[in-house]
Every structure is written in structure tokens, then in C-alpha cells.
Amino acid sequence: MKNKRYNLLLIVGVTLLALWSLVPTWKEYSLGKQLEAFRSPQDSLNFVLSHRDEIEDARQKGLKLGLDLKGGMHLVMEVDQIDLFVQKAWNRDAKFDAIMEEVGLQAATTDADVIDLVSAAFRKQNIRLSRYFYDIRNSDAEIQGKLRKEATDALVRAREIIRNRIDQYGVAEPMITTQGNRKIIIELPGISDENRMRNLLKGTAKLEFRLLREKGALQRTLDAINAALPAPSSSGAPNGSSNDGLYRFVQVYGSDNAVVRAENRELVAGMLSRPEAVSQLPPDSELLLAARADEADDGGRLYAIYLVRKTAEMTGGVITEAKATFGSQGVQPEVLMSMNSEGTSKWARITGANIGKRIAIVLDGAVYSAPVVQSKIPNGNSVINGIQSLEEAKDLEIVLKAGALPAPVRIVEERTVGPSLGADYIRAGLQSLLWGFSAVVVFMIFYYRQGGLAADVALVLNVLIVLSVLAGFNASLSLPGIAGIVLTMGMAVDANVLIYERIREELAEGRSITSALSEGYDRAFSSILDSHVTTLAAAFLLYTYGIGPIQGFAVTLMIGTAASLFTAIVVTREIFRLLVSKNLMSSKSFG
Amino acid sequence: MRIFSNTSIDFLGRRKIAYAISFALLLTGLVSLAVRGLNYGIDFRGGSEVVLRFEQDLPVGELRTVMRDAGVSGTIKQYGMDRSFLLSTVFNGDTNELKSLISGALNSQLKGNPFEIVRIDAVGPSIASDLKWSAFKALGAALLAILIYVGIRFELKFAAAGVVAIFHDVLIVLGLFSLLGGVFEAMPLEMDQSIIAAFLTIAGYSITDTVVVYDRIRENIRNRKPAEYEQIFNESMNRTLSRTVITSCTTLLTVLVLFIFAGPAIRAFAFAVFAGILVGTYSSVFVAAPLAFEWIKRSKAPVKLRGSQKA
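As given, the protein sequences belong to chains A and B, one line each in that order.
All residue numbers for the first sequence refer to the working numbering, where the first residue is 3 and numbers rise by one.
All residue numbers for the second sequence refer to the working numbering, where the first residue is 2 and numbers rise by one.
Worth flagging that the hints you see were computed from the coordinates, not collected in a lab.
Every residue gets a Cβ at the ideal spot worked out from N, C-alpha and C, and that includes glycine.
Hints are supplied without guarantee of correctness; some may be wrong.
[As the list claims (entries may be wrong)] Computed, partial: chain A to chain B, Cβ under 8 angstroms:
no. : residue
1   : 113
2   : 412
3   : 423
4   : 425
5   : 441
6   : 481
7   : 529
8   : 532
9   : 555
[Claimed, not checked] Just a sample of chain A residues kept apart from chain B, beta carbon distances all over 12 angstroms, derived:
no. : residue
10  : 12
11  : 17
12  : 179
13  : 426
14  : 482
Bound conformation, chain A alone:
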């Protein structure tokens, strides 16, 4: 037994380091307890103010709890690459749209690379990608490369915009990362209003200013579509009125107003997007529905239908500032926007040229308002009204400030845990830790006596090391992580079991306790090493290929297994050395 001093120092050092890195965690806990003790909100506020740095520091360095324990949202969002590529195509025709739609369906159910899917689909039809993308002289491989770069850029931009939105909304410690070439992973601890968060995240925030078509065009178009569309249900008798597919749900009044009842909105939107309907539209035109319903005389809710030009006069890229406020009457929430210099001059030109006409303000394909241009607007100001609540106005402000996403994003995975369930999980986790620990400790003492006691000391240190490594590296502890610790406690004593069984064998062969100890440790070492390496390998792969919750499990399993190499071998050996030197051990020490 050489390096006696060195080993002892190492153990003391590791223990102190582990305790030291857990100090902030303990502090955070005790500060929280103190805060709970205050009766009046004033007292607790004063306490928070006077201890602000301390609290902040403890929170930052303390052991973090995972989303499942604290409550929060884990979201995976996917950038719609199909939409992105359709935007990039310059020569779109029906065939192109058909192929892209088919690829879209494929992409929704696999994790295959979208660019590969697109290339394969075009190759199957014997069409070169250059017919639709970039330069006609480009080879397929070049275009794939360009699209791939486009996709990566879009992902990075989308991540930044989403980060902006979340920051402006105000979430403590969000985590936003990208995965692969189309996924964004968002972790939001302690969200109180998830619904609002979902709405805030999923909108593209594509703002457009579009001219309404001339007077009378709306009615003509709707008439044509009505005539072209067959009735939705074929059960009715084939008389004249049954051909009124659209007008069963849409009322037209005046020459330029058409509305649909709220309950039929989705249905009508579906009808208007059918090819028979689209083919009836005048060139460069599109039918859009209002974002908000108006109250009808009979108390129902009605959405207006607008016929607007397909090409936008201007897009939201020029917006520099947005502010949610109440309008002139002081009841209607609205969002004021100001533009950069380029936008300002363009806006002045557009408004100047279209006095008396209506310009629709369109956000993500829904019309918020379509005011009549009264005069030229020289200062680059604009306003969005037709907003339901101040909250919605605030969210609009956030998304407008953050800018538009390069392509739509969708939530493809979501895991939300409410705070009350989190508290349950914490209780369950603590109980498992306590009972798991007790079971192993009692078992070891019962079976190995003194030796078991030493192994138990090592086990305490092992758990301390796991927690302190998590705290020190800013990793968070989740319920699966706790499960990993509990499981590790059962497996960490394996090294001790191997050693002790070996020592018992050596003792049975009539060796002295000192030589049995040293033989036991030496001979058990190779199997301990091999068995730990294999466990570590499995845990490491779990960490590499697993996601979220599973990684938490893998991390604690890895740290615990690696730490047990130290605690179970070095620490227990040192304990026995001390005991032997004090003549406190005999051949009965291992049961």
C-alpha cells in the first residue's frame, strides 16, 4: 500500500470539492425556506431586494431541476422545408406543385432528408432540378448543395427569430438549440400560459401590404366560383339551387362585401382552395379571410372575405419598430408600426398612388384590416387594428419586432409538465432515493458487516459526486436522472461485492487480514474495470442516441458508474487501511 498520503489527500480533496460545488444548491434551498417563512408580501419583497445578488448567484450555480420536475414545456419545431423550396423555385407549374405536394406528404411521416426526397421525386419523373431551381446550367448536385445551404440558413435564422420572440415574451432561462437540418428544440421552464406560448411560436409573422381588387371584382369572382363548385353534398335533388356550392355558406351584400359565419370558416377556406375555385380567380389575385370575426346583428360571428392582389406591395421586412397600444377611441387595441427609410419612401409612394383604394394588412395569410387610403403617408407609419385583445396586440408586437420566419415552422413534438405534477415527481424521486439508499445500505451492513459499512460510506460519497458534477456542469436533474442515481446505487456496490467476495475467499484460504485485503483488491480489479467499461459504453451510447429525458438517465448512470471506480476501490481501501492500522479489523470483519 504505497502512496498512503496521496490517496487520503485525494479522498479529502474530492469530498471537499463535491461539498463545495453543492453549497449554492444548499443556499438556494435555505434562502427559499427563509422566504417561505415571511408572512407579509412586503417582508419577502424586502428580503429578496436585500439578498438579490445572493439569490441570483445561488440560483445560477445551484443544481438545476429538469423541466419535468419544475414544470415547463419541451418543444420540437420543424422548419417547413417544402415551403422554403417552393419559395425558391422560379418556374412553378402544376406538375411542380403536384410533385412537391407528394414530397410533403412523404416528409411528414419520415425523418428522411427533404432534399433527398425532392431530388428522388424529380428524378423519378425524369425532370432536372434546374428546370425549377436556380440556373438552368446547374447540375442536380449543385442545386442540391445550394438548397442544402438555403435550408441551413433558414434554420439558423428561424432559431434566432424564435429566440427573439421568447426573449421578448420573457422566459427565464430558455434553451433553444437546433438539431439536424430542420429541427429546433426549445425548452421553456415554468411557463404559466402555454397556449399563448404555442401561438407565439408557431406563426410565421409574414406581414404583407396588399391592394384590394377593384370594386365589383369580389362579387364577380365569387359568382364564378359558386357556379364552378359542385354542391358539397350530392344527396340533394339536382335542381338549380343545389349547384350553389359556395353561396350556401357565404353571403354577399353590397358590391364589395362578403362574409362567412364563424362555424363555416374552415369549410369555406377548404372550398376556396379547391382547384376548381382557384381556376376562377382573376390573374394575380387571391381570396383571403379576415383574422377576426365581426359581430353580426343576430349575435353570430362573421368573417369577411377579401379579394386581394397576389403580389404584395410591400412586406414586413421594412418594419423597425412595433408597439401595442389602444386606438383613438381608447378601447380597440392596435399595433403601431414604423418603417426604415427605404420602407418609408416606398410606403409614401404606394399610399400616394392609391388614394381612395383599400390596402389590406395581411399577417400570415389572414387579413387584419383593409383601410381605405385617405392620403399619402410620408412618415412611414402604419397601424394594424382588428385585434381582439391587448394580449394579442402584445404578441403581435413581439412577432413583428422579431421579424418574419423564413418558412413556416410546426410543432412536431411537445412535452408539457404542469407544476403540480412536477412537485409530485420531486416527491416520488426523493422517496425513491431515500428508500433505494436505505435498502442498499442496510443490505450491505447485514451481509458484509464492517466491510458493508465502508461500502456505504463510499456510496454516500458516490451520490454526492453525482449531484455535484451535475451542479458543477450546469446539467439539470430530471426524474429519469433520479432513476439513474437510484439504479446506480444498486450497481455501484458491485465493485465492493466483487472485492469482498474475493477477500472472503482469500481469508478462507487462511491468509491474514492484511494480505487478504491486498490480494482481494488486486485480483478483483480486472473484472471491476471490464465490467465498468461495458456499463459505461452502454450508458454512453444511450446518451448519444437518446433524447431529453433519456439523456438525463444516461448522464447520472455514467457519472455514478465512473465515480464508483473511485469510491468503491480507493475510498474503501483507505478506510480499511486506517482500520487495520488501529487494529480494528479481524478475519470476521467481512461477515
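Given the structure of chain A, go ahead and fit chain B onto it with the hints provided.
What follows is chain B alone, placed relative to chain A:
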């Protein structure tokens, strides 16, 4: 205290019986996998799950009726906690819509019994296929890594026998999941990510047990003739039997604690690991070592195990 002191069980002599037992277990599992299949969780099939907790007791039938009337498709089951229910339905990409549908129906139909949505999990189909692939890759990579490491530290035949034992353990647990999937209301035993974690834990545990036996064989086999191998194998297994059983005991204890205390989210995982440790302990003695023995017996030449220690 000791449970096994100086045992001399003829493990290899009984290997034919053990093979028969393993074969029967594997066959049962495989038949069940072919006939009943597996009960996939939303991680692998996609879908949405909502856990609702009510303030007062509520018969599950009543909740089912309310949800059916509201037009929420899917199944509703009692969840592992008090007054809680698990609603599983399809993934439609808009959780807000689902939530408002549920809240609207419950607020109007069950006014006297406030509820809380305590958990929502929604997994889209593309993610589900992604997760499935990751699971396969992780398991494949783990088996390969173990094969290589044990191959380097011992010998390829030993490594292969160890990997066969892992396959044996994972397949039996998989079969058990297929056989019992959906049988218990409180524990549906669905295949999800946590079960993959369980499989990898089982793989790690099983090879650990096997390696300990191998290690003792390696220690004893040096400079001995092939004729003595059977005796050496048996002796090594008997000598390590105590450790094998004790470690299994401590690990089983902690897994049992997880099963009881850690709540419904961990229950299926704990069940899988519990079964896996039982099978893994059995297989290290009755599958891995006997297979390695058969293999080296056939090759006739004396084995050379790497990494023998200089004791």
C-alpha cells in the same frame, strides 16, 4: 453472513436443460411478438397524450361519455395516480385546439369537479420514426461496442457468446412486454424511449455479469489443458456465484424501489429492468459461459485469453 459458500454446482452438465428453458422462453416471446405484436407508446407511433387530474373521484365511464360527446376521439384510461386519467388521441399538430376542446367539454359537463391538465405529450409522426431509428442505432451500436471491447479484452468467441446472451435477455424481456402488454390497466407496458433505455441498461448489466465470470475463467485457465476446461468453467462459475447473486440482489432492491415509489412514468422501465436483471443473471451463468465453452471445445486448440493478469 453468506448465502453461497463453497458451492460446487455442475453448471455445464446442466446446460442442455438450460438451453431448453431459454429456447422455450424465447419461443414463447417470439410467438407472442408475431401474434400479439408490441404495444407501442406515442414515442414510436406518434400521437398525443393528456393526463387530467380531477379534484374529486370520477368514474372513468363518465369521463369517456363526456369526451365522446365533445368529439374527442381516442382512449381514456385510469392513470397511475389518484383521480387521474390518461387520454390518448391522434397527433394533429395543434395542442391548443385539443386543450380547448377538452376544457370546454369538462367545464360545461362536469362543473362541480375542477380538473387540471397536468401533462401533455404530443409526438408527430416524423419524430416518431426518428426516435425509432435512434433506438435501433443505440442498441446496435451498444452490441457492437461490447463485442469489440470484450473481443479485445478476452477473445472473440467469448465476446460473441456474451453478445448472444444479451440478445437472449433483451428478446425475452421484449417477449414479456408483448405477452403482458395491455394486460394490466395500471401498467400498459408500452414500448417507448424509456424501454429502450431499459434495454441498454439490461445489455450493460448482462455483459457485466458475464465479464465477471469470464474474468475468473481467464484467471484459472492459463497453462491448463483443454480437457480440464469443463472443470475450470464450472469452478469459476461457482466461485463467482456469490458475487453474481449479491449484486443482483442489491440492484433488484433498488429497481423494486423505483417500481414502487418513482411513479407511473418510471414503472414500465423499472419492470423491464427488473425482468432483465433476473434473465441477465441467469444468462451469464447458463447461456454465455456454456456457449463460450461449447465453442472453444469444438475448436480443440487451447484458448489464449488476452489480458491475463500477472498474479
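Q | Interface restraint verdict for residue 425 of chain A against chain B (beta-carbon cut-off 8 angstroms) | A | violated (10 angstroms)
Q: With chain B as the partner, please determine if residue 529 of chain A meets the hint condition of a C-beta pair closer than 8 angstroms.
A: holds (4 angstroms)
Q. In terms of Cβ atoms, is chain B entirely out of 12 angstroms range of residue 17 of chain A?
A. Given a closest Cβ separation of 23 angstroms, the condition holds.
Q. Holds or violated: is the Cβ of residue 555 of chain A closer than 8 angstroms to a Cβ in chain B?
A. holds (5 angstroms)
Q.
Beyond 12 angstroms on every Cβ pair: is that true for residue 482 of chain A relative to chain B?
A. violated (7 angstroms)
Q.
Does residue 423 of chain A hold up as a contact with chain B if the rule is Cβ-Cβ below 8 angstroms?
A. holds (4 angstroms)
Q) Taking the closest pair, is the beta carbon of residue 426 of chain A still more than 12 angstroms from chain B? A) Residue 426 of chain A not clear of chain B: closest Cβ-Cβ about 7 angstroms, inside 12 angstroms.
Q. Given residue 113 of chain A was flagged as interface, is its beta-carbon under 8 angstroms from a beta-carbon of chain B?
A. holds (4 angstroms)
Q.
A closest beta-carbon separation below 8 angstroms is what the hint needs, so does residue 412 of chain A meet it against chain B?
A. Nearest chain B Cβ about 6 angstroms off; hint holds.
Q. Taking the closest Cβ pair, is residue 441 of chain A under 8 angstroms from chain B?
A. holds (4 angstroms)
Q: Would you settle whether the hint for residue 481 of chain A is holds or violated, based on the nearest Cβ-Cβ distance to chain B being less than 8 angstroms?
A: For residue 481 of chain A, the interface hint holds, since the closest Cβ of chain B sits about 6 angstroms away, which is under 8 angstroms.
(Q) Please verify that the nearest CB of chain B lies beyond 12 angstroms from residue 12 of chain A's CB. (A) Given a closest Cβ separation of 24 angstroms, the condition holds.
Consistency with the previously given hints fails for numbers 4, 13 and 14, ordered from lowest to highest.
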